[in-house]
Amino acid sequence: MKLSRISAFAHKETLEIVRDPITVWIALAMPLVMLFLFGFALSFDVKDAPLMIVDHDRSAQSRALSNQFLNTSYFAFAGAPEDERVAEHALMEGRARAILSIPPGFGRRLARGETAPVQFVVDGTYGATAAIVSAYGRAIIYAFPSGALELPIEPQVRVWHNPQLESRNFIIPGLFAVILMALSPLLTALAVAREKELGTIAQIYASPLTRWEFILGKLFPYVVIAALQLTLVLAAGFLWFKIPMRGSFPLLMGLGLIYVICTVSIGLLVSMIVRTQVAAMLVAIIITLMPAFLFSGFVYPIFTMPEFFQGYSARIPTMYFVNISRGVVMRGAGLEELWGNALVLIVYTAVVLFLAAWLFKKRIA
Amino acid sequence: MVGPDGAGKSTLLQILSGILRPSFGECRVLGEDVRRHAERIQARVGYMSQGFSLYDRLSVAENIAFAAKIRDVPASAYAIRKRRLLDMAGLERFEARREAALSGGMRKKLALCANLIHEPPLLVLDEPSLGVDPLSRRELWRMLEAAKAAGRSIIFATSYMDEADASDRVLLLKDGRPLALGPPAELRKRAHGRVFSLRTNRADDVERALTRDARVLTFQKRSPEEFRVQLASNVLPSITDATLAPAQPSMEDAFTLISPDQLRETPAPAPPNTTQPGGVVVSARAVTHRFGAFVAVDDVSLEVKAGEVLGLLGPNGAGKTTLIRILCGLLAPSAGTAAVAGFDAARQSEEVRSRIGYVSQRFSLFLDLTPKENLLFFARAYGVPEDEITERIAWASARAGLGEDAGALVRSLSGAVRQRLALACAIVHRPRVLFLDEPTSGVDPISRFRFWRLIAAVAQSGVAVIVSTHYLEEATYCDRLGLMLDGRMIALDALAVLQKELGLEDASVEDVFLGFIQRERARSAA
Numbered sequence: 001m002k003l004s005r006i007s008a009f010a011h012k013e014t015l016e017i018v019r020d021p022i023t024v025w026i027a028l029a030m031p032l033v034m035l036f037l038f039g040f041a042l043s044f045d046v047k048d049a050p051l052m053i054v055d056h057d058r059s060a061q062s063r064a065l066s067n068q069f070l071n072t073s074y075f076a077f078a079g080a081p082e083d084e085r086v087a088e089h090a091l092m093e094g095r096a097r098a099i100l101s102i103p104p105g106f107g108r109r110l111a112r113g114e115t116a117p118v119q120f121v122v123d124g125t126y127g128a129t130a131a132i133v134s135a136y137g138r139a140i141i142y143a144f145p146s147g148a149l150e151l152p153i154e155p156q157v158r159v160w161h162n163p164q165l166e167s168r169n170f171i172i173p174g175l176f177a178v179i180l181m182a183l184s185p186l187l188t189a190l191a192v193a194r195e196k197e198l199g200t201i202a203q204i205y206a207s208p209l210t211r212w213e214f215i216l217g218k219l220f221p222y223v224v225i226a227a228l229q230l231t232l233v234l235a236a237g238f239l240w241f242k243i244p245m246r247g248s249f250p251l252l253m254g255l256g257l258i259y260v261i262c263t264v265s266i267g268l269l270v271s272m273i274v275r276t277q278v279a280a281m282l283v284a285i286i287i288t289l290m291p292a293f294l295f296s297g298f299v300y301p302i303f304t305m306p307e308f309f310q311g312y313s314a315r316i317p318t319m320y321f322v323n324i325s326r327g328v329v330m331r332g333a334g335l336e337e338l339w340g341n342a343l344v345l346i347v348y349t350a351v352v353l354f355l356a357a358w359l360f361k362k363r364i365a
Numbered sequence: 001m002v003g004p005d006g007a008g009k010s011t012l013l014q015i016l017s018g019i020l021r022p023s024f025g026e027c028r029v030l031g032e033d034v035r036r037h038a039e040r041i042q043a044r045v046g047y048m049s050q051g052f053s054l055y056d057r058l059s060v061a062e063n064i065a066f067a068a069k070i071r072d073v074p075a076s077a078y079a080i081r082k083r084r085l086l087d088m089a090g091l092e093r094f095e096a097r098r099e100a101a102l103s104g105g106m107r108k109k110l111a112l113c114a115n116l117i118h119e120p121p122l123l124v125l126d127e128p129s130l131g132v133d134p135l136s137r138r139e140l141w142r143m144l145e146a147a148k149a150a151g152r153s154i155i156f157a158t159s160y161m162d163e164a165d166a167s168d169r170v171l172l173l174k175d176g177r178p179l180a181l182g183p184p185a186e187l188r189k190r191a192h193g194r195v196f197s198l199r200t201n202r203a204d205d206v207e208r209a210l211t212r213d214a215r216v217l218t219f220q221k222r223s224p225e226e227f228r229v230q231l232a233s234n235v236l237p238s239i240t241d242a243t244l245a246p247a248q249p250s251m252e253d254a255f256t257l258i259s260p261d262q263l264r265e266t267p268a269p270a271p272p273n274t275t276q277p278g279g280v281v282v283s284a285r286a287v288t289h290r291f292g293a294f295v296a297v298d299d300v301s302l303e304v305k306a307g308e309v310l311g312l313l314g315p316n317g318a319g320k321t322t323l324i325r326i327l328c329g330l331l332a333p334s335a336g337t338a339a340v341a342g343f344d345a346a347r348q349s350e351e352v353r354s355r356i357g358y359v360s361q362r363f364s365l366f367l368d369l370t371p372k373e374n375l376l377f378f379a380r381a382y383g384v385p386e387d388e389i390t391e392r393i394a395w396a397s398a399r400a401g402l403g404e405d406a407g408a409l410v411r412s413l414s415g416a417v418r419q420r421l422a423l424a425c426a427i428v429h430r431p432r433v434l435f436l437d438e439p440t441s442g443v444d445p446i447s448r449f450r451f452w453r454l455i456a457a458v459a460q461s462g463v464a465v466i467v468s469t470h471y472l473e474e475a476t477y478c479d480r481l482g483l484m485l486d487g488r489m490i491a492l493d494a495l496a497v498l499q500k501e502l503g504l505e506d507a508s509v510e511d512v513f514l515g516f517i518q519r520e521r522a523r524s525a526a
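Each protein sequence line maps, in turn, to chains E and V.
Per the numbering used here: the first sequence ends with 365, consecutive numbering throughout.
Per the numbering used here: the second sequence ends with 526, consecutive numbering throughout.
No lab work stands behind these hints: they were computed from the structure.
It cannot be assumed that every hint is accurate.
Taking lysine-lysine pairs in the BS3-like style, the calculated list, with each CA pair at most 30 Å apart, reads [unchecked claim]: (1) E:196 x V:174; (2) V:221 x V:148; (3) V:174 x E:361.
Please construct the entire structure, taking both the sequences and the accompanying hints into account.
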């Protein structure tokens, strides 16, 4: 392996990239577009869920309970019909997400120190939100001063790592991993396919350039671009979305660099297999973008998946960087905890590059 | 290496460069086994593939520098070699220009420079001069002669017979098999006694007789009184009113006569008749087409009459295809007007398109249909009435010299048969104008001759024909020639008239073309 040949190749590749400024701009703008789209649009927080209250009791206590609901930011008042059927109808049509139904005698029972049942109906169409809405509702009801209800244990709940339960604090560190997997390999995937389409690859075959010189020279400029993408998304995440950072920036950058080398290598591997740029694009999207979204734990937790898909997720590098990114950002985890994830990424990169080198035959197919 | 498309030229060259592993057999290049030490061969040869093989976004200097660095050319030697090569290629003034902005001829010369920078002992070149203008072709050959003089061996594939003739040895390939290998003079000797010059003063009668005679393999009309005739055997045909004299066989004669299946029967082309050209069917006035800043067609005017064959000659990128597309109504010109069959090609393109036939470079045929299904589709697409379709298809097939349809898919047919099918599909609706865009690329000489006879027969039924080609020798089959260069029509007339204009009677088409290029350059320099 000769350094002069690698640098000659990397130099040529850089010139080609720089002379296609539109592609470079797209490569740098796309991660930000994706970060902003998902950063703003994707949220699991429940806010202002329309609530209908059917109050058959009309006592001071029943009004107090209603107010407890409406004084939170979780629910918004959507009406107080006299008839349950009206409220149920609204729930079916989606005008209400929840119904609080207070039976007659609620206040009297409470005053007597008896248990006073209330009904809380939740629209279960969206499973995840329904669970949150019903949890909020239950929490408000339990917290209602009943006077008679004396719990022997008073739980003091503390939420660690994300005390405000802001889903953004959780989503954006995950997005870092998804974006760098979804977009960074695309350019590289086109790189070798373009040479095949142009016919310039024949010149490379008939030259002393070895496979490793070819691969390293090809890889280097794209790793630089991916590192720029990494810097951009991190900057936007911390400066624009103001995600609190509990860990070390250099650690996140360093492990991020390992991750992008890994994702860019995957792009290179794709490029070795296909013949055309269109095919490269399609294959790259199918093997990087889709699994990065579904099987990285970015949105859908992996531990709830069937065993088979847990195993599948473990084969996609995104999961490891989701762990790293969330660990460093949310928990302030250090290398002593995350080295396992980092090691997997390094081994993964090595395997992908060896595979790419093995597939690069320096021969006409 | 000489042979039609699919003969195996490129494959053999790739094996010799060490970038394709042979399935069987032994092959040693530069003393190395291509199976075991391919990388040693790859590192030392200069290999130039077909088409363009350099980085279009890099400049001339950057492309050379890259080629030098990956081949470990020492910096001290690099500067001198680069200057010498660029100087010889006439590229020294263009060092900073992007490869994509060079002409086809310049790109080829640059690719050759990139392959000479490491001074390889062996150069392997795949059709280096294909579609290059005659001037660049000469410069390219000057560089190759210098390389040969410096002791380098050169193996190259070509479809130009004069290049084969200038080689030390020629390998004739067909269908992957070697037919002959030897010095050109020796191969030409095999065609002795088969090639004759025929002089007559009754050209039309003689032409008809030649067409009918099974002993005549091909013939070319050299002048109103002279034909060049190739015979299938040593038996002379008896043609009245003509004198036959033995002629010096060319490399192309050798190629045609050495092919074992030279006599494979194709239906005889319809005999020519002597109808005079009719009225003007195609006329273009000051047609110009720009793609951005690039002028693809520059102020071209021409007229073609019914029954006439106009050949558009010129290197790749001269504007032939763009001009044909404008006349077909597929592209609106940036300036000027074109009228075809009485309609404006730009504004009445619907009317124009139903009255023309168009055979594009790649024969737009459906590969997964049979020839008959293709013909049926094109007949219906052009609105041939259902009750006439059978008869029309039979007529078009006969005209195009298509044999019995065996029901095989087009995919499995040879280039020559596909070519004839494309012609049949283009005439099934009885167009008034027929456009053919490089229809003869990569086909063997005898199929090319037969195809030109078919074209002539179509023209003689009153169709105006416009054919583009970059094989200059095909000019003899056309009534008139349009020589194109850099988008301009630098000459437009019958070959004999053009020869006379330059004072170069009996000169080859290439020399005539060169004469006009030089005249054009002198004019633009003045």
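For each hint, the structure was consulted:
1. E:196 x V:174: holds, 27 Å
2. V:221 x V:148: Roughly 37 Å separates the two Cα atoms, so the pair is violated.
3. V:174 x E:361: Holds, because 29 Å separates the two Cα atoms, which is no more than 30 Å.
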